Amino acid sequence: GDSVTQMEGPVTLSEEAFLTINCTYTATGYPSLFWYVQYPGEGLQLLLKATKADDKGSNKGFEATYRKETTSFHLEKGSVQVSDSAVYFCALRGNTDKLIFGTGTRLQVFP
Amino acid sequence: GAGVSQTPSNKVTEKGKYVELRCDPISGHTALYWYRQSLGQGPEFLIYFQGTGAADDSGLPNDRFFAVRPEGSVSTLKIQRTERGDSAVYLCASSQTRGVGGGRGNEQFFGPGTRLTVL
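Residue numbers (this note's numbering), protein chains in the order written: chain P, 30 to 140; chain D, 58 to 176.
Think of the hints as simulated: they come from the structure by calculation, not from any bench. Here the structure is a predicted model, which means the values were calculated and not measured. Note that CB positions come from ideal geometry on N, CA and C, so glycine has one too. One or more of the hints may lead you astray.
To be verified - Simulated restraints, written as ranges between beta carbons of each label pair:
id, chain 1, residue 1, chain 2, residue 2, range
1, P, Glu45, D, Tyr75, 46 to 56 Å
2, P, Glu98, D, Pro65, 45 to 55 Å
3, P, Ser87, D, Gly60, 15 to 25 Å
4, D, Glu128, P, Glu45, 49 to 59 Å
Sequences and hints are given; from them, build the entire structure.
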């Protein structure tokens, strides 16, 4: 069945460092891909998405490119801030309405 | 406008008891989803409603779990004879429309969750 694998955390960075969180997927057909973020004490929020190969999703300085050849959707940000500290979830939606999530990666950014 | 709300925010119960978890979706959203998030894991799909009917209940782990949405708005997730392994955060999400893909109308908006602890 469809699945998502993302790198384990925590990822610990200093402010203004470059961030990459890896995400790969297994799916039949052409899924849509998502990154969700969960800030401390808050609910899941959609961060960005891409619906077809080579699409780039972007929001709040974060970017991810849908790479069908490598079945990947890695999350990147050029300069992280303390306020980016959160748990990040990669997810896909395939031929059904449900989202399939990875296990989440905790990001900790220190000043 | 108001987002998805869930009540209670926390529920502590004893093994073997019955619990109900409530979800109020965003007004006008026809699709409603339940997910369960265990500690250190990502959310896992439980059930999906389109209107009043359960369109996909393939994620319900066993027959102790049941959900309803009688008027196509509020939904209740019901768990009978709770077990310690049911302890998790139960998340509800709603979307304006159903449908596969990533179209704007079917973006899922999540509530804050109900943390269930079974002692």
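Which hint numbers doesn't this structure obey? Nothing - there is no hint that the structure violates, so all of them hold.
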